[in-house]
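Chain by chain, the residues:
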Amino acid sequence: MINIQNYVQAESLEEAYQLNQKRSARILGGMLWLKMANCTVGTAIDLCRLGLDTIEETDSRFSIGAMVSLRQLELHPGLNAYTNGAAAQAVQDIVGVQFRNMATVGGSVWGRFGFSDVLTFLLSADTSVELYHKGVVPLETFVSMKYDRDLLVRILINKTPGRFVYQAMRNQRTDFPVLACALSCVGGEYRAVYGARPGRAMLLRDEEGILQNGPCAESAEAFAAYAARRIPTGSNSRAGAKYRTHLVSVLTKRSLSKLGDTREERSWK
Amino acid sequence: MEIKLTLNGKTVTDRIDPDLLLIDFLRTHGCYSVKRGCETSNCGLCTVLMDEKPILSCSMLAARASGHSIRTLEGLQEEAADFVGFIADQGADQCGFCNPGFVMNTIALLREIPDPTDDQIRSYLAGNLCRCSGYDGQLRGIRSYLESRREKGGSHGK
Amino acid sequence: MENKEYRSIHKSVRKKDSMQLLLGKPVYMDDITPKDALVVKLLRSPHANAIVRSIDVSAAKKVPGVEAVYTWEDVPQNRFTIAGQTYPEPSPYDRLILDRHVRFVGDAVAIVAAETEKAALTALRLIRVVYDVLEPVLDFRTAKDNPVLVHPEDDWYPPCPVGGDNRRNLVASDVSEDGDVEAVLKDCHIVLERTYHTKAFNQAMMETFRTYTEMDRYGRLHVISSTQIVFHCRRILSHALGIPKSRIRVEKPRIGGGFGAKQTAVCEVYPAFVTLKTGRPAKLIYTREESQIAGSPRHEMEIRIRLGADRDGKIRCVDLYTLSNTGAYGEHGPTTVGLSGHKSIPLYTGNLEAYRFGYDVVYTNMQASGAYRGYGATQGIYALETIVNELAEQLGMDPTVLRDKNMVKEGMRMPAYYNEEANACALDRCMQHCREIFHWEEKYPVRDMGNGKVRAAGVAMAMQGSCISRVDVGSATLKLSEDGTYNLIIGAADMGTGCDTILAQMAAECMDCSIDDVAVFGADTDASPYDSGSYASSTTYVTGKAVEKACAQLKEKICSIAAEMLDCRPQDVLFEGKRVRRIDSDRAVSLEQIAYKSQVFNNTAAEVTASHSSPVSPPPYMVGMVEIELDKDTGLVTVLDYMAVVDCGIPINPALARIQTEGGIVQGIGHTLTEDVRYDGKGRPIHSSFLQYKLPTRLDMGKLRVEFEHSCEPTGPFGAKSIGEIVINTPAPALTHAIYRATGVWHREIPITPEKIALSLTEKNNA
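Protein chains in written order, with the numbering used here: chain A, 1 to 269; chain B, 1 to 158; chain C, 1 to 767.
So that you can see chain A by itself, here it is in the shape it has in the complex (with noise of 0.2 angstroms):
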């Protein structure tokens, strides 16, 4: 049982960074990990006054606030235009409605969860964080970097031409998943990002060119054997190492072919 000291509403993000400063403070996203973590909370930092709860569209890019919960990611009919549904696909399976109006993209990100379904997908486009101190990081940068006391205020995702696959196995349908893939060609470079492997989702590019004449049968099938073999897996309650790494090629050969589907006319069998 979490044990809450103090709860404060921020008026500026200044005053949230500054509070944030104390190893104790917490700054609150869902509150639904946190609610579970036995620990003492000195200041919990509430950003729920900032307006950072909405999804800004322009024309080349969506500033999605850190306060933006999963059901308005989910609902978001231009973010869903842009990656072809894969937005809400990474997360309409996360436990139910309720939870996913609660749920917050900047929890999300920040935690930095090795099941986030919506890290594996956002790692998938071409996304960056806004960070109160650091700046604006490359998503890729702050999925390594350390937890520290800065403030994540946005997640911004670029408008660069692409299109999105989204898929995850879960062993029962509102499960974390046992293993999620988010594939994308961005730009023209074919990303693939794997989450719950089961650790924090990893980003794989095509280093080899293999998808270099576009995915095909012959093209996914090795690129789904050079991702089985770079993609590190584990075991935990859900699965073995074994079938994670099985499901890494399998969900990349779907994927790409999902993928190939997205394009005009090209060669698949």
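Please keep in mind that the hints were generated in silico from the structure rather than gathered at the bench. Glycine included, C-beta positions come from ideal geometry on N, C-alpha and C. Among the clues, some could well be false.
These stretches of chain B come out as covered by chain A in the derived footprint (C-beta under 8 angstroms, 3 or more residues) [claimed, not checked]:
(1) 18-30
(2) 40-46
(3) 53-65
(4) 117-126
Heads up, simulated DSSO-like pairs for lysine-lysine below, C-alpha to C-alpha not over 27 angstroms straight-line [stated by the list, open to error]:
(5) A/K242 to C/K682
(6) C/K35 to B/K4
(7) C/K25 to B/K10
(8) C/K632 to C/K453
(9) C/K16 to C/K555
(10) C/K453 to C/K764
(11) A/K253 to C/K756
(12) C/K453 to A/K242
Dock chains B and C against chain A, hints included.
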């Protein structure tokens, strides 16, 4: 700390601990329909509406609900009575412990999607667990409510 | 009887409490008990097997708001069982309220009572315990005669001779047989020998275990608990606390589900002890985690079967051995195991020449098991139905045809079922009916859907009992009230199943009145007539019969009061529902007049109590068929359609019978596909929350279709048999079968996860 919120249409002020969860706040204020079924945000039993959106009151700080409007089943008796008889006709109420959360989320569903398909019903209510009924009776109940409304030529939604 | 027109039974009426439940009214324990009760919390052992060397509670006691902290030194030293069973219980007396020897991760070490939950939790953290950690027994296959003893104590006591021996980690052991098993097996064309494994699945009822206790105005212990067994609970508390039963009153409010879990007094002793010691009201509400790790789940079983058959599919011999894991304590251990053979083997009475059924029930240092819907039959039927499906596949024979040939039919005597006769049995019609609605001929062949996906089907049959024959007792009190309506008072516990309603339906049918004119009350040891409680599928069959009897007797009493009013002898009047009339004239008195008369210068009580107990336990029967789509690459199984046809005699309330069936099927689907029970190497449970223990959601269960084939059970009320438990028995074998059909691999352990399926296919392809 002091909070002030609208509970079922009435303003409520109270002094609370900062870590008081909304579910416990609501039960102390007589909203016994709100049930706890797990500690891991998985079961949906504690569903209430916050600013008309369904949320899990077990995972919401009461402090955070300050300034917002909360509705529990106690405050939606008429809207619920409209359709729960159809669930009763199926015998799908069973032990009843999950019913309030299920009814609250069904109200949210019908407000958002007035004439849902079976698949929409299933996915909207996926976060509401029920161990007794096997779910199908709940679905039949909602479906026959929708059909009866259609036959009456009533407006869809509220 | 079957074609008779009824007014109140065989009707789908709403449950009497429906609208209260659906509108969220305060009807459960925590809603109706005072909020200022002491909060009771338990310190639980982090070790699977340990002795408390020392325990220091001084710091915990100093926490503001802490009323008391109790350890093993404070509690009575008489052993008892918390199994809700008729006395003398078959379960061993192996518990203390707090024991110095803790036997599983989660076993109670100390009780804290405090003014607030926060104070109680703070106190828990401040209790300092030094444990002598012992090696645990974590594999039930090596438990028997293991040098490590789970219950080495000298005062271990089995009230019934069930073949147990605590010096061997053995709770019960027995063999029964009929015919010459070895000779028949030798003579069979084909003998299959297989071993199956099922785990300790959790009931996971939505309302966790909870109990409130207070001293009432007479200074007696008043217990309000979410329980299926108020009378057994009173006895258990009396044994545990060492106080007379006359000083205890147990009642149950509405119950948020039980499924057998609340047939064990899992948490009652702790707050009761606190109230006795402090004189103050106390309340204990288990967290979901506590319910998951220190509850009363299904018995894990390993079942080895030798099945002997002829080439033409005649099943001639079953030799079944069950090893059952009762965990750290023996609740329901000796009895659940019996059903694994006695309620599976009789399904194949048709050509059976010999059977043998042996078992051992062993202690381990894991969570204690208890009663869960199906109660051992589920495990046995999973194993036997699977081996029969294996036989069919080996013989290349349609498994439904194989069953047609061998199944028990009406009128047969069942040697493996205590020689009872199948009075009412529509199993053959269930099979035929299910085959038709399911379109078995079309769905049984495996169909390739492209993209690695195949569709396939599986089948299973099931049976259960309708009571514990010659043991359990159901009772009903029926009173006439002054407006000519009735009060029906029972000791059985409606836990959501609707027994209050179906018993009222029966009373209304008998008394020729409307169901609304029967008010039901239950259950309270001070007010209710004795009833064993709601378990063993018995409420409809046993308590229902008691209601029938009570109605007949009350009618006689009503007639005798009326006769006095009509100046004639009781045999000269006729009971006509709303009134009683003289046979020879039109003179009549209304029920209301009779009721008022019963309150004036009257020496005949306008109420009766009747009890019923049955010498037999007629089985309900059922057939289940499932169609799945299986993804051969990921191993994912999607349930498409589940169809079932049930013979529960005459269903008293078809809507409720249907919901029971659907609910049972979905629980069975969960056990087979998504609910996994796992411990780490030190005996710590991993399935301790709904985050880990995945109940099926409404997206996981496919389409359900349930229909009934009626039979008419002569010993049951209105021809009824039971429904509550049997319905959980078919999914495991039917799904196992369908998965084999789709993959060519038999999985002989449930749950069957996508991982197991996918890896078995890779293995098969590599071989």
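We went through each hint and held it up to the structure:
1. 18-30: Per the Cβ count (3), the hint holds.
2. 40-46: Satisfied; 4 residues make the cut.
3. 53-65: holds (count 10)
4. 117-126: holds (count 4)
5. A/K242 to C/K682: holds, 24 angstroms
6. C/K35 to B/K4: holds, 23 angstroms
7. C/K25 to B/K10: holds, 19 angstroms
8. C/K632 to C/K453: With Cα atoms ~6 angstroms apart, C/K632 and C/K453 stay inside 27 angstroms; holds.
9. C/K16 to C/K555: holds, 24 angstroms
10. C/K453 to C/K764: Within the cut-off at roughly 17 angstroms; holds.
11. A/K253 to C/K756: Given pair A/K253, C/K756 holds - Cα atoms ~21 angstroms apart, limit 27 angstroms.
12. C/K453 to A/K242: With a Cα-Cα distance of about 21 angstroms, the restraint between C/K453 and A/K242 holds, given a limit of 27 angstroms.
The structure fails none of the hints (numbered hints given earlier).
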